[in-house]
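Number of protein chains: 2
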Amino acid sequence: MVGLVIRVWGIILSDTISYDSLRGATAADVRKAIRSGAYSKHTAGLAAGKLQCNLAILPEAYALDFLRFCQRNPKPCPVVGVSETGSPYVPTLGSEIDIRTDVPQYRVYRDGVLAEELDDISDIWRDDLVTIALGCSFTFENALIEAGINIRHIEQNRTVPMYSSSLELVPAGPFHGTMVVTMRPIPYDRVADALKISAAYPQAHGAPVASGDPAAIGIANLNAPEWGEPVEVRAGELPLYWACGVTPQNVLLDAKLPFVITHKPGCMLIADVGERDELSNHTSLTSVQQGDYHYA
Amino acid sequence: MVGLVIRVWGIILSDTISYDSLRGATAADVRKAIRSGAYSKHTAGLAAGKLQCNLAILPEAYALDFLRFCQRNPKPCPVVGVSETGSPYVPTLGSEIDIRTDVPQYRVYRDGVLAEELDDISDIWRDDLVTIALGCSFTFENALIEAGINIRHIEQNRTVPMYSSSLELVPAGPFHGTMVVTMRPIPYDRVADALKISAAYPQAHGAPVASGDPAAIGIANLNAPEWGEPVEVRAGELPLYWACGVTPQNVLLDAKLPFVITHKPGCMLIADVGERDELSNHTSLTSVQQGDYHYA
Chain A
1 MVGLVIRVWG IILSDTISYD SLRGATAADV RKAIRSGAYS KHTAGLAAGK
51 LQCNLAILPE AYALDFLRFC QRNPKPCPVV GVSETGSPYV PTLGSEIDIR
101 TDVPQYRVYR DGVLAEELDD ISDIWRDDLV TIALGCSFTF ENALIEAGIN
151 IRHIEQNRTV PMYSSSLELV PAGPFHGTMV VTMRPIPYDR VADALKISAA
201 YPQAHGAPVA SGDPAAIGIA NLNAPEWGEP VEVRAGELPL YWACGVTPQN
251 VLLDAKLPFV ITHKPGCMLI ADVGERDELS NHTSLTSVQQ GDYHYA
Chain B
1 MVGLVIRVWG IILSDTISYD SLRGATAADV RKAIRSGAYS KHTAGLAAGK
51 LQCNLAILPE AYALDFLRFC QRNPKPCPVV GVSETGSPYV PTLGSEIDIR
101 TDVPQYRVYR DGVLAEELDD ISDIWRDDLV TIALGCSFTF ENALIEAGIN
151 IRHIEQNRTV PMYSSSLELV PAGPFHGTMV VTMRPIPYDR VADALKISAA
201 YPQAHGAPVA SGDPAAIGIA NLNAPEWGEP VEVRAGELPL YWACGVTPQN
251 VLLDAKLPFV ITHKPGCMLI ADVGERDELS NHTSLTSVQQ GDYHYA
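Just so you know, the protein sequences line up as chains A and B, in that order. When the count follows the UniProt record's numbering, it moves up by one through the first sequence with no breaks and lands on 296 for the last residue. When the count follows the UniProt record's numbering, it moves up by one through the second sequence with no breaks and lands on 296 for the last residue.
Mixed in with the good hints, there may be bad ones.
Pairs involving identical chains hold if they fit within one copy or between any two copies, as the list cannot separate such chains.
Simulated pairs of lysine to aspartate or glutamate, DMTMM-like, Cα-Cα distance not exceeding 25 Å [what the hints assert, rightly or not]:
#, residue 1, residue 2
1, Lys32, Glu237
2, Lys264, Asp65
3, Lys256, Asp193
4, Lys32, Asp98
5, Lys256, Glu84
6, Lys256, Asp20
7, Lys256, Glu60
8, Lys196, Asp20
9, Lys264, Asp189
10, Lys196, Glu226
11, Lys41, Asp98
12, Lys256, Glu278
13, Lys41, Asp189
14, Lys196, Asp120
15, Lys41, Glu229
16, Lys196, Glu146
17, Lys32, Asp193
Keep in mind that the hints were calculated from the coordinates and are not lab data.
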């Protein structure tokens with residue numbers, strides 16, 4: 001389907017629009033393209049600086065147990081937002097977001113089986129649905145790169161390698177399983193920095209959960225990731241493993257809920273808040289200006 | 001009531017036991033004293049190094065909204081644990097904790113009014129209750145002191161001053177209100193350190209939410225805190241304000257739930273985990289040993 005793209009002062013009218021033409025576009029323009037159905041592919045590298053999220057949209061009856069599960073497994077499941085029941089808005093992600101339309105590609109599961117892939121869930125929306133948004137690791141990757149730590153899969157334009165592991169999750173209600181991890185090889189002399197930098201992003205999975213020998217965490221073959229693509233680990237580098245957002249997706253599947261909506265891997269929700277913003281009404285004081293109040 | 005204390009290798013048998021005799025006691029011994037009813041007073045300074053928590057014990061029907069409220073207001077309401085419905089155990093706080101007996105003094109509210117103060121809630125326990133444990137600021141105070149930043153209320157053996165403020169909370173369900181804050185005066189040349197150190201403890205309220213002029217956040221008189229005791233702010237010092245755990249207590253009160261249990265201020269739950277432990281099954285990698293796995 002070839003579409004004619006007419007760009008009018010921030011308005012994109014098109015049947016389809018390519019990834020390349022959205023590179024460098026503002027978050028608002030990317031969202032318009034997704035919302036209109038003109039763009040329904042992956043989001044890595046788009047709307048740079050905006051928080052991207054994994055999503056779990058599930059009936060309210062399961063929401064309390066899923067929040068317990070996330071609280072007990074904060075590394076793979078860092079909660080960045082929770083909607084009211086039946087509402088397509090998530091307060092901490094910005095008022096411009098509509099959960100029913102703003103994800104490029106949704107996946108609808110019924111009883112643990114993939115039933116539909118849609119680019120808009122307005123027609124199947126229910127008033128008992130709760131949306132739980134979870135952070136993802138794009139954020140700390142940017143911070144590592146800024147610190148001069150090369151990220152091989154980004155450099156080689158591949159999807160990060162993701163592996164099933166033997167790391168047990170703490171269960172809650174119907175939710176249980178083992179952790180999916182990402183792997184990034186880091187030079188030995190930058191490992192301490194990588195640990196420290198990623199630890200500062202708990203909403204993006206935080207610090208690694210393991211390092212070194214893949215067999216120690218139940219990974220049979222680093223060259224055969226279950227998701228994504230393998231990258232080389234060179235001499236002088238240590239594999240570091242971080243908790244991955246595929247974990248909650250798998251857990252939701254395995255719970256065989258009657259109805260749950262997630263999304264195609266890589267096709268994230270682009271939120272309307274900065275990826276380094278505090279998701280709080282009351283942001284932290286990070287510095288004090290000269291001439292600030294002197295208590296008399 | 002005078003009790004005769006017989007200390008037998010970790011077992012304390014007594015009608016009542018004084019705060020002073022518990023100073024320096026192990027967490028296990030303090031918990032035994034609380035659980036037996038022998039000690040029902042404040043917990044600041046006891047079981048040094050163990051995480052102390054604020055508690056909200058409420059009917060499951062309100063738990064989802066309260067967790068939403070905490071997620072939207074993470075500074076005053078940092079969640080450190082959530083129980084299963086009807087269970088007195090909180091997985092992330094250690095298996096030795098029994099919520100029904102391990103808090104020195106409980107407060108039971110019915111329809112927003114204080115109905116009872118008890119040292120044991122086993123008799124009124126219900127199978128629809130969910131316990132949500134929240135962190136408190138004792139943790140970052142220890143870190144500030146270790147960094148050589150004097151905490152005046154601790155030095156003077158007073159309760160930290162706490163104030164109602166005009167800072168609005170983000171609502172969820174029946175939960176809404178304004179933030180209660182603590183105030184600690186910090187020398188100007190240590191303010192940057194105080195911000196950085198406390199920011200590292202999001203489970204203990206994190207970095208300050210404001211500084212300087214109390215009127216800017218709706219505080220009329222620094223010498224008249226609504227809770228705790230005033231401390232002097234000297235020349236060369238800046239008042240810093242942190243979110244306070246009295247906030248969720250007030251919010252629960254104002255919501256006028258049919259039934260909710262909290263606790264007397266200062267009489268915290270002493271958890272069985274270290275105050276600086278990660279509350280996660282999968283702790284962060286913080287360093288890599290020499291001779292760690294070399295990928296061949």
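Do the hints match the structure? See the list:
no.	hint	result
1	Lys32 with Glu237	neither (42 Å within a copy, 50 Å between copies)
2	Lys264 with Asp65	within (23 Å within a copy, 29 Å between copies)
3	Lys256 with Asp193	neither (40 Å within a copy, 49 Å between copies)
4	Lys32 with Asp98	within (11 Å within a copy, 52 Å between copies)
5	Lys256 with Glu84	both (23 Å within a copy, 20 Å between copies)
6	Lys256 with Asp20	neither (37 Å within a copy, 54 Å between copies)
7	Lys256 with Glu60	both (15 Å within a copy, 23 Å between copies)
8	Lys196 with Asp20	neither (34 Å within a copy, 40 Å between copies)
9	Lys264 with Asp189	neither (36 Å within a copy, 50 Å between copies)
10	Lys196 with Glu226	neither (28 Å within a copy, 39 Å between copies)
11	Lys41 with Asp98	within (18 Å within a copy, 49 Å between copies)
12	Lys256 with Glu278	neither (34 Å within a copy, 30 Å between copies)
13	Lys41 with Asp189	neither (37 Å within a copy, 51 Å between copies)
14	Lys196 with Asp120	neither (39 Å within a copy, 43 Å between copies)
15	Lys41 with Glu229	within (18 Å within a copy, 58 Å between copies)
16	Lys196 with Glu146	both (14 Å within a copy, 21 Å between copies)
17	Lys32 with Asp193	neither (38 Å within a copy, 43 Å between copies)
Violated hints for the displayed structure, listed by number in ascending order: 1, 3, 6, 8, 9, 10, 12, 13, 14, 17.
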